[in-house]
Amino acid sequence: MPPVVRLLAKRLGTSLIVLVGVSMLIFTIARVIPGDPARIALGPNATAEQVEALRERLHLDEALPIQYGYFLRDLSRGDLGISLYTNRPVTADIAQFLPATLELIVVAGLMMILIGLPLGVIAARYRGSWADHAVRIFTLLGVSAPSFVWAVILMLIFAFYLPLFPIAGRIADSYAIASVTGFLTIDTLIAGNLAAFGNAAWHIVLPAFALSLSGIGQAARLTRSNMVETYDKPFIEMARSYGFPERRIARRFAFRPSLIPSLTIIGLDFAAMLGNAFLVEAVFAWPGLSRYGVAVILRKDLNAIVGTVLIISAMFLLVNIIVDLLIAFINPRIRYSQRAS
Amino acid sequence: MNRISKSLAAALLAATTLATAPALAETVLRLDEVPVGELDPGKATDYADSILMFNIYDTLVIPAQGGPGYVPHLAESFEADGNDFVFKLRQDVKFQSGNPLTADDVVFSFERMKALGQGLSFLFKNVDGIEKVDDATVRFKLSQPYSPFVASLVRLPIVDKKLVMDNLGEGDGEMKDWGQAFLSANGAGTGAYKVVSHNPQEETVMAKNADYFLGVAEVAPDTVRFRYGLEAATVRTLIAQGEHDISSQWLPPEVLKSLAADGAQMLKETGGGAFYIKMNTAKPPLDDVNCRLALASAYDYASGLKMVAVTDDVAQGSPSTGGVPVGMYGAKPASDAMNRDLEKAKEHLAACKYKPEDFNLEISWIGEVPIEERFALLMQANFAELGIKSEIRKLPWALFTEQVTKPENTPNISQIFANAVTGDPDTLLYPMYHSSAAGTWQSPEYLKDEAVDAALEKGRAETSDEGRQAAYTALNDRLMEIAPSIYAYDRQSIFAASNRVKVPALSDPAKAFGLDGFGFTFRLMEMTGE
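Listed in order, the protein sequences are those of chains A and B.
Once you know that position 103 of the first sequence is 103 in my numbering, the rest is easy, because the numbers rise by one and skip nothing.
Once you know that position 60 of the second sequence is 60 in my numbering, the rest is easy, because the numbers rise by one and skip nothing.
In case anyone wonders, no lab produced these hints; they're calculated from the structure.
Yeah, the Cβ is synthetic: ideal placement off N, Cα and C, and Gly gets one too.
Be aware that a few hints might be false.
Simulated restraints, written as ranges between beta carbons of each label pair [what the hints assert, rightly or not]:
# : chain 1 : residue 1 : chain 2 : residue 2 : range
1 : A       : Arg55     : B       : Asn409    : 14 to 22 angstroms
2 : A       : Pro163    : B       : Val86     : 57 to 65 angstroms
3 : B       : Val196    : A       : Pro65     : 41 to 49 angstroms
4 : B       : Pro396    : A       : Val143    : 30 to 38 angstroms
5 : B       : Gln241    : A       : Val143    : 26 to 34 angstroms
Computed footprint of chain A on chain B; a stretch qualifies when at least three of its residues, placed anywhere within it, have a C-beta under 8 angstroms from a C-beta of chain A [as the list claims (entries may be wrong)]:
# : region
6 : 300-313
7 : 494-503
My request is simple: use the sequences and hints to build the entire structure.
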């Protein structure tokens, strides 16, 4: 078996075990935290009889292992139950809200890579110069405040005082785009509507930038410190003595070995954004899964909590697998260690 | 690398150029509320649900504009017949699907609401049944005299039976899911606005129904975008930029204040409810009426109102005059505002069987309602002037509703915003003060008082306006005597609005409705074109 396939199989197996563990944990936690989900779902005006009837319908009057049995039975049929928050199947809610969040974090992830890594390279290559200091200030600002603070600041500056970007939503109200993938930037292209594509892309810039600022800072700082360390290695001296241009040394000999820790951090940040995006989604009225996740937790919407956490966990694991594979691809030592094992 | 940078820059430039949205010819009203918008009228309870329901569906009666009472709407007329009520339907009403309205639809709507047992279906527990007399007449059979019944009908939206039956989802029995899946995503009413799209977490888009049986004015918005869950900072920015028209009532006073300073209109809705500070009468020391009266006299009503003031003239509350909000049967006139009287408080405390040094009051506030913490601190300071010690406790809503099910777990003091879901005082006062209703979020007082029970029951049984006025006046007097609650202020909902829209029902008392949310009847709004 090729080493990469072996690595993939190993990671998939571990991920499955983790998912089962997460499902048991979240199923239990959601049911033991204070508050009656039936009472919350039916609202303050519901009578005791209405609440009791809903408790029975949700099997909340039964023992926890029996409730978990019902959950597994339904899950095997692809049914995560009805959300008490939206009164719709949880699967329908996730299918509707997940693409919005994924689109946001994919763009934020791209920003982390396309802005964070080059900034780190520049700072390392010109260490001690004004460029290094400027990058340091920028990255420190990025990591020193949470993304929702940046969301509000960016909105105030670039949408309110300088109205360059839209304030809220995914696309202007005037466009009606049929949902195919749920990613508006892709659906607008499928519809052949370039104006709508431009509008959707314009809408995503501020929220994605706010969300990625902390990751950009981390990626830049890590890339810089690793590259600075690599620059002190003897093989860099040797490359210089052979007369390689500085640009080539930076790209080929200093950057590539420094990429692995940065990629690991970007991967973790990318996955963590699924859970952390809710405040940015709230500020920019972005109808995504993170906002939905917080709303269902506050309303103790049991089915939706379990469904959302499972999906976020699965995405987290998936991103980690992709990062592991990427690192194995970049670093032959990891790849070949699989063969040896 | 240079080539990539140039390509990216070109793409961004192209995107910015292409991003200019096409001009809109139609008038669009944009407003927001907290999520989630429940489209199924049989499950509607919240403010957002009510706004959807009042515009997509119609009811047999609606609240009278500019005064008390209810007037026929889908009904042509109605009359009481003993315990029964007979409604004659209008013949010129069609559903948005084109199906005509008949008595079958009314019967179906009622039976559906009872069968689902959700939303505000409890309002109809005194109705034994409903029968179709003929195609245009229905009879509701009540088990006992129940005068708030007509008011309850504002919460019985009439759905298109044929359309729902054609779209039944999976479920047991002949009626399967009673159309729940269909109605959670589609409209099936006669209302002035049709559902164009619905995302319960993002927005519901509605368009004018050109065939509405009462017609819809040209100046009413062509399209309504009803958004959910916008943050206060976002609403503040959107309104200032002219991209939003009416805020929800949940904006903090300071945000409303800054919008008012920018020239936004402040729309008002009054009369539906009040802010009550509830005292647990089932455990010491507030089982002693004198202790309760001491707290009610020591509370600083004027400072409480200042905390919810938006401008010098506008506040999210108006002075309370007693247990019954101003404007309802039995309420005292607005000039009889409650006031602090520390001397009187000391007299009551002296008559109380408990001494201040012997107890420590637990003052709770609901975690999801931050303004209540300020009221808790105000009470703590006010009561300390009497030598009463207290501790403040934050309770999440979910925990609060559980704790109040037992008197021993219920805090000494709780804070509640309550409103009459039909506009009738019965739906506000009976669940709070009748002894049979004790132990819910509305009734953490655990009040057991025969005179209060008798007045509440009389208020239900009396059919004449005079009789009901007398019953609720007696109730209000008794509530003042025994002080189960501190009547902090009558609630006044404030909505910030742009000048692109006029909302007479929320700006002119002569055109207001005595039912929360009904002021958001879009067909009565006017887009100014500004």
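Hint check results:
Here the CB-CB span from A/Arg55 to B/Asn409 is close to 20 angstroms, well matched to the stated 14 to 22 angstroms. One distance hint, 57 to 65 angstroms for the beta-carbon pair A/Pro163 and B/Val86, holds here, with the actual separation near 59 angstroms. Checked against the given bound of 41 to 49 angstroms, the beta carbons of B/Val196 and A/Pro65, roughly 46 angstroms apart, stay inside it. Between B/Pro396 and A/Val143 the CB atoms are about 32 angstroms apart, so this pair conforms to the stated range of 30 to 38 angstroms.
Here the CB-CB span from B/Gln241 to A/Val143 is close to 30 angstroms, well matched to the stated 26 to 34 angstroms. Counting residues of the region 300-313 of chain B whose CB lies closer than 8 angstroms to any CB of chain A gives 0, which falls below the minimum of 3, so the coverage claim is violated. Counting residues of the region 494-503 of chain B whose CB lies closer than 8 angstroms to any CB of chain A gives 0, so the stated coverage by that chain is violated, three being the minimum.
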